[in-house]
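K.L.:
Now for the letters of each chain:
Number of protein chains: 4
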Amino acid sequence: MTRLFLTLKCPDTIGIIHNVTGCLAENNCNIVESNQWTDSSNNTFYMRVAFDSYTFDYVDLSDLFQSVATKFDMTYRVYEDRKTRVLILVSKSDHCLLDLLYRASNNSLPIDVVAIVSNHESIEPIANQYKVPFFYWPAYHYNRKDQEAAIFNLYQAEYIDLVVLARYMQVLSPDLCDKLGAKKVINVHHSFLPSFSGSQPYQQAWKKGVKLIGATAHYVTSVLDDGPIIEQEVERVDHSYTPEKLIAIGRDIETTVLARAVRYHAEHRIFINDNKTVVFK
Amino acid sequence: MTRLFLTLKCPDTIGIIHNVTGCLAENNCNIVESNQWTDSSNNTFYMRVAFDSYTFDYVDLSDLFQSVATKFDMTYRVYEDRKTRVLILVSKSDHCLLDLLYRASNNSLPIDVVAIVSNHESIEPIANQYKVPFFYWPAYHYNRKDQEAAIFNLYQAEYIDLVVLARYMQVLSPDLCDKLGAKKVINVHHSFLPSFSGSQPYQQAWKKGVKLIGATAHYVTSVLDDGPIIEQEVERVDHSYTPEKLIAIGRDIETTVLARAVRYHAEHRIFINDNKTVVFK
Amino acid sequence: MTRLFLTLKCPDTIGIIHNVTGCLAENNCNIVESNQWTDSSNNTFYMRVAFDSYTFDYVDLSDLFQSVATKFDMTYRVYEDRKTRVLILVSKSDHCLLDLLYRASNNSLPIDVVAIVSNHESIEPIANQYKVPFFYWPAYHYNRKDQEAAIFNLYQAEYIDLVVLARYMQVLSPDLCDKLGAKKVINVHHSFLPSFSGSQPYQQAWKKGVKLIGATAHYVTSVLDDGPIIEQEVERVDHSYTPEKLIAIGRDIETTVLARAVRYHAEHRIFINDNKTVVFK
Amino acid sequence: MTRLFLTLKCPDTIGIIHNVTGCLAENNCNIVESNQWTDSSNNTFYMRVAFDSYTFDYVDLSDLFQSVATKFDMTYRVYEDRKTRVLILVSKSDHCLLDLLYRASNNSLPIDVVAIVSNHESIEPIANQYKVPFFYWPAYHYNRKDQEAAIFNLYQAEYIDLVVLARYMQVLSPDLCDKLGAKKVINVHHSFLPSFSGSQPYQQAWKKGVKLIGATAHYVTSVLDDGPIIEQEVERVDHSYTPEKLIAIGRDIETTVLARAVRYHAEHRIFINDNKTVVFK
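Residue numbers (the numbering used here), protein chains in the order written: chain Z, 1 to 281; chain H, 1 to 281; chain D, 1 to 281; chain X, 1 to 281.
Among these hints, one or two may not hold up.
Which copy? The list can't say, so a pair holds if one copy fits it or any two copies do.
Claimed, not checked - Dumping the calculated BS3-like pairs for lysine-lysine here, alpha-carbon to alpha-carbon at most 25 Å:
1) K276 / K207
2) K92 / K71
3) K281 / K9
4) K145 / K9
5) K92 / K131
6) K145 / K276
7) K245 / K208
8) K281 / K183
9) K281 / K179
10) K145 / K71
11) K131 / K145
12) K131 / K83
13) K71 / K184
14) K83 / K145
15) K207 / K145
16) K208 / K183
17) K281 / K83
Derived from the structure by calculation, the hints contain no laboratory data.
Computed from a predicted structure; not experimentally measured.
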C-alpha cells in the first residue's frame, strides 16, 4: 500500500468527480481525503485527493490518469508520499529557521531541510546542530548576481522542491524569481498584508496605531510583497506596545504563519487561482 | 434547476464516491459542494453533497439513489432547498431569540421561525414585532407533563423540523426528548462544556478563576448537558470580571454559537457519530 | 455616594499619581479603578480614575481638582455617571443600529440613543419600535449642505455627546467634521484599516485573496477613513467565500467592533494621542 | 537609575494609592507602570508598581516602605530588576523546554535557566547545546523520595526562584509541594482545565468531541491539576482530528501558554487570590 496525492484543475462541468474517482476505484485505490471547489467567477474546478494505492505507484497512476485528464482538459499531478526538499534562506533573525528545523526533526512537518543559506555567519551553529549543510553567502549590492547564481545552482543541484525565505532580508531579483518559477518560493512578511508592505512594517503599524498586528505567508513573485497570500494571522496589541514589543510579538506570529504555509505546500494543499490561492485544509 | 442536498453514511469501502457521483452525473446533476470523511476508528464514511438538478426533483432523486444506497448499506436522505421550520423555546433572556429572528428576517439564516413558546410573558412583544405566533405557557413542577404535551402537539401540528432552546431555563424531560428523537433539539449551554455543566455556569467559572469563558451548542439528549457538541466558542476574561460581567460577555458568545449551530443544522451539515458530531463547514 | 470619572493628560514627571490620588483621598473619594500610561515617545502621561465620592459631586470635584491640574499643566475632566447622549446616523444596513439599540435598551451599553437620522425611510419602523425620534433626511449631492446643517442643529439642540455612524454610507464634509470637533464622531469601517480604505472594501479584500477580513471603529476626522483607530477585529475566511459571504461575515464583525468602541467612549476610556488612541480597557 | 518592582496586597480602604505613590515620590522614584485592583468579594486590594529609582536600591526601598505597609496592614515585596532563576523539570516531550531555552537565550523572557532535571536521558543534548547543567534522575515508584529530595536540594543549593514543569510527566508529592511552598512551581496541563484533568487529556477531548482544545498553565498545589490558573489558550479543531493530531496541535498551545505564564511570574505580575490568580498584564 502506498499513500499518494492527486491534484488537478480544469474548467468546471458535470461528471468530473465521477470520472476522477472512477479512475481511482478501477485501479484499486481507496480515497482517504478529498477536497474540491469551483471558482464560479472563472468557472475553474480544483480538486485534491489523498488516497491509498494497493497495486500501482505514482508513476503508473500518473499514466493511467492521462485519459481522464485529457477528457476534461485538466492540469494535474500525482505526488508520491515523500518529504518536500526545502532550501531555507535566512538573515539574522533565527526564530522561523529554528521552528522549521525543530518541526522537521520531530516529523511534525513533512519536509527535509536540505540546505541553509544565510548572509549572516551567526546562523552557522544552528545549521551544524541540526546537521544541515550551511552556506554563508554575504549579499551586497555588488555581488548580487553571483550570490543569486549560487543560490540557483544549489537549488538545481539539490533538486529543491521549495525555497523558504525564513526572515530573509534580501529581495530576490525578478530574474531569479522568474527562473525559480511559480509556487516555488514562500516568504513570510511581518505585517498583515496588504497593509504595511515594504520595510519596517512594525514601525509602520505602531505609527498608525492599529489594534491588531499580523504576519503573512505568501508565494514570491517578481512584484515585492504582492504574491498570492497563503496564510495570515494576527494578535491583539494596544497603545502601550512599543515598536520593539511589536517586533517581539510579531516573531511568534511569523513563526506560526510560516510553519502553516510550509505545511500546506508540503501536503500539496495549495493551488494558484489568478493572484490568489486555494488552500484545502 | 433545483438546488438539492444529499447526506449519507455507510461503512467505508472502495468506490463509494465514484458510485454516488455517478448516480448524480447520470441524472444530470452538477455538484456544487462536496464533503466526505471517514472515521477510521469505527470505519464509517460520511458524505454531504450540494448539487443542482436540471431534470429531477428531490423525491425522484431519492428514489433514483436507492440502488446505490442498497449496494453500500447506506443511511441517506435527499433534501430540497427549503427553509427549516423552527420552534423556539425561550425563557426570560431574549438575546439569542432576537438574533435568530433577525437573521431569519434578513435571510442570513435559512430558517422559518414558525412559533415561539415561552414561560415568560415578557417575550410576547418580540414575537409580535416579528409577527411570529407566540404561546405563553408557564412551566411549573405541577404542570410539567401538560406543558410538554402542548409543546409536542405544537411540534407535530406545525411540522417542525427543529426545536431550538434559545436560553430556555427548563430541562426537557427524558420522555419528551425521546419522543422528539435524535437531532431534533439544539440547546445553547452557557459554558465551555464539559466544564461547568448544570446550573449557574458563569458563577462556577468565576469561582474557578478560568481565563477564558465559553458557550456550547449541542443536540439535546435525555442526559442533561451531555448531547453531541455542535459548536463552541470562547472569549478571554481576567480576574477583574465579576459574575455579572461574565454573564454579559457570555451573552454575545451564546448568541454567536447558537446561530452557527442552527446554520449548520439548517444547511444539513451535521451528522451524529456516536455521541459526537461530524460538521462539514 | 456618587460614581465619578476623572480623565487627564499632562507632561510626565515624578509625583503625578501621588498628587491626583491625594486630592481624591482628601476629598473623601474611594478609587474603584485606575489606569495610567506614559507615552515615552512624546513624554505624555495619561490617566483615568473611576471613583466613588462620598461628599462632593462632579462639579465640586472639578473645582477642587483645579490646583493639582495647574501644578502639572494638565488637561482634565471630571464626568458624572450618566448615560452618553448618542445620535445615530445610518443608511440602509440596520445590523449595527439594531445592536446598539438592543444594548442600550437592556443597559449593557451606557448610552441613550436620543435620535436616529437616516437617508433611508426603511429604518423608521426600527426607530419606532424602540421609541426613538426618527428623521428621514435624504442625502443627495445637491442638498448636502442643508442636510448637514440639519444634522448639526439636531446635534446642538439635543446636547448630543457622541455621533455614531452605524454604517452611514455618506461621507461627512470636512466642514461638518470640524464643527463637531475631535472625539465627537465614531465610524465603523468595514475593513481592517489601513487596508482597503474607501468604497467596497469586501470586494477589494476578495480580489486580494486575504485570509482574514476585519472591521475598524475609528474617530472621524476630515481625512476619509484616517482618523484615530479605536478598535479592530478580524475573522478567518478562505478562498470559497464570495464577496457576498464576506459581507455577511463582516456584518457580525462590524457590529462587535462598533459596540466595543462606543462602550470605551461612553465609559471615558479613550484618549487621543497624536493620530492614535490610548484605550484603557 | 535602577528599575524596581513593588507588589502588595492589603484590605481595601481610602488612601492606599496616595500613600504608596507618596512614598515613591518622596524617595525620588518615577512610576513607569502601575496596576491595581480590588476584589470586592473579599475586600482585598492588589497593586503592582514598576518604577525607576534614582537614589535608593531595592533593599533601601523595602525598608523605607515599611511604615506605609504597617499603616495599611500590607503584605508587600520590592523586587530588583534581575532575571528569575528557573529550574526546569521535563520528561520526554521537549517542545516547552526548547521554547523556554530559546526565549531565555535571546532575552525575550527575563529568566536564567539554572538547571534542567529530567527522567529521560534524551534531554541531555538539548541542555548541553544551551550550556545548562543537566541532571538525569530517573523517577520510579521505589526511588521517588530520594529523587524528590535531590530536586529539593538542587532547588536550595541553586537559590531557585521558580520551578517550571515543562511537560514533566511525574506528579510531585504533596510533601514536596508543601516544602516548595505557594507560587513556586508552574505546571502546564495539556487541557482546558477544569475539563479533562488527570491523564491523557487529548484522548478524553477526542472522546467528548469538543470543538476547541486547550492548555492551562497553573501554580502547583498538593491537589492534582487544581492549583490557581495563570493562563489558558485554545485552538479550534474538528471531527477529523485524531488524538495524535490533537496532541500535535496541543504542543503549540502548551508552548505558548507556558511561556506566557513564566513571563507573568518573572515580571512579578501574578498574585494569589484564594485559589485564583490576579494577573496584571
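K.L.:
All hints, please: hold or fail.
P.N.:
Comparing the hints with the structure gives:
no., hint, result
1, K276 / K207, "between (29 Å within a copy, 8 Å between copies)"
2, K92 / K71, "neither (51 Å within a copy, 49 Å between copies)"
3, K281 / K9, "both (17 Å within a copy, 22 Å between copies)"
4, K145 / K9, "neither (36 Å within a copy, 55 Å between copies)"
5, K92 / K131, "both (19 Å within a copy, 22 Å between copies)"
6, K145 / K276, "neither (30 Å within a copy, 43 Å between copies)"
7, K245 / K208, "within (15 Å within a copy, 29 Å between copies)"
8, K281 / K183, "within (17 Å within a copy, 27 Å between copies)"
9, K281 / K179, "neither (29 Å within a copy, 39 Å between copies)"
10, K145 / K71, "neither (44 Å within a copy, 63 Å between copies)"
11, K131 / K145, "neither (28 Å within a copy, 40 Å between copies)"
12, K131 / K83, "within (17 Å within a copy, 32 Å between copies)"
13, K71 / K184, "neither (28 Å within a copy, 45 Å between copies)"
14, K83 / K145, "neither (30 Å within a copy, 46 Å between copies)"
15, K207 / K145, "neither (36 Å within a copy, 34 Å between copies)"
16, K208 / K183, "between (32 Å within a copy, 17 Å between copies)"
17, K281 / K83, "within (18 Å within a copy, 29 Å between copies)"
Hints 2, 4, 6, 9, 10, 11, 13, 14 and 15 from the earlier list are contradicted by this structure; the remaining hints agree with it.
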